[in-house]
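Going by the working numbering, the letters in the sequence shown line up with residues 177 to 519, in that order.
You can take every hint at face value.
Below 30 Å or equal to it, Euclidean Cα-Cα: the simulated DSSO-like pairs (lysine-lysine) are:
id, residue 1, residue 2
1, 317, 366
2, 239, 434
3, 295, 306
4, 379, 295
5, 286, 274
6, 286, 267
7, 317, 306
8, 274, 379
9, 252, 239
10, 379, 366
11, 267, 252
12, 312, 323
13, 239, 223
14, 323, 306
15, 286, 366
Hints are computed from structural coordinates only; laboratory data are not their basis. Model, not experiment: these values are computed from the prediction.
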Amino acid sequence: MSFDTENEPKSEGSVQAIAKALATAELRELNERERANHLQAMHATLKSACDQLEQRNAELEQKVAELTKTCLEQQKIEASLRDELSEAAPKEIYEACKERLERLEQAELKMRMENEALKEVSTIAATQVKAFNDMKMDAEKEQSILKLAIVELESSSDEKAAMARLHRQITRLQISEATAVRRLASANDKITRLDNTILRLEKNFDDRDSTMIHLQNQARTRERRLRSTIANLRSRFSGCIPLPEQERLVRLITNYMKECQRLRECLEATEGEYLQAIGEAASAKQRSELSAEVAELLKGEPNQFEFQAGLSAKLSEWQDKLAELKAAEAVQRRQVIRVLYSF
177 MSFDTENEPK SEGSVQAIAK ALATAELREL NERERANHLQ AMHATLKSAC DQLEQRNAEL
237 EQKVAELTKT CLEQQKIEAS LRDELSEAAP KEIYEACKER LERLEQAELK MRMENEALKE
297 VSTIAATQVK AFNDMKMDAE KEQSILKLAI VELESSSDEK AAMARLHRQI TRLQISEATA
357 VRRLASANDK ITRLDNTILR LEKNFDDRDS TMIHLQNQAR TRERRLRSTI ANLRSRFSGC
417 IPLPEQERLV RLITNYMKEC QRLRECLEAT EGEYLQAIGE AASAKQRSEL SAEVAELLKG
477 EPNQFEFQAG LSAKLSEWQD KLAELKAAEA VQRRQVIRVL YSF
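Please construct the entire structure, taking both the sequences and the accompanying hints into account.
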């Protein structure tokens, strides 16, 4: 009896030590389980956040690729337009050539008019020389007639005087006819000159009209070409972003990506601290619950055999829980390692 009473405090002390060890183990297992559950939840949250960030990053990369492609197309179009402008004549040279052509046309027209005027002067001079020669011939004829008249006057016969008068009248008629012919020729020359002047003016008018029509056609062709070029440029560059705005957007996207990386790192650090704090809180809570459960178990079992039977049942239950927690912890550890490698 005394031996039993001596062994009873030892068995109670060993049972309490075992109960405390089991309570500590159970608290640790529960802490690990809670930590694993929390890590799994945080893993799902971080995975969804990473998926969203990757999707957003892919969208931003696609936008940047589209902007870069548009920028390259704009640079190619700009290079082609610069090549066309380099091959085309400048506006100053075109205007200078146009003014020079107009001056040359005016000088040519002036030379033609001077040539026609000189031709008219030469024609008038030739007519005047011809008239002077005719007048000289008429004067010579009159002189010969006067000589004949003097001879007739000196003669005494009336018959010769009548013949002389008739001869003088015929000579006057010839002179009048020659004068009329000269006047008619002069009038015909004037008419011819006027006709030539009219034809020349009509030709100049036709030339001016054809030149004006040609210039109008050139202006219309150039206007149509410019309108088509403007329409093509509008259709090409409609909805495009200017190059400075595109560069600003690229810089902004780069800054956003850097900010997202920094926020991701801060989020990971915060998540680690949060998980650690939650794990410590859960372990403390589980430790207090297990302590309360062990205390109730010790208080509710006055018989030693019943207490040992309940304790063995609790031990087997805690061993099963411990095995489950170890398996869950291994799964959680593998998932955490996979998530870390995915980052």
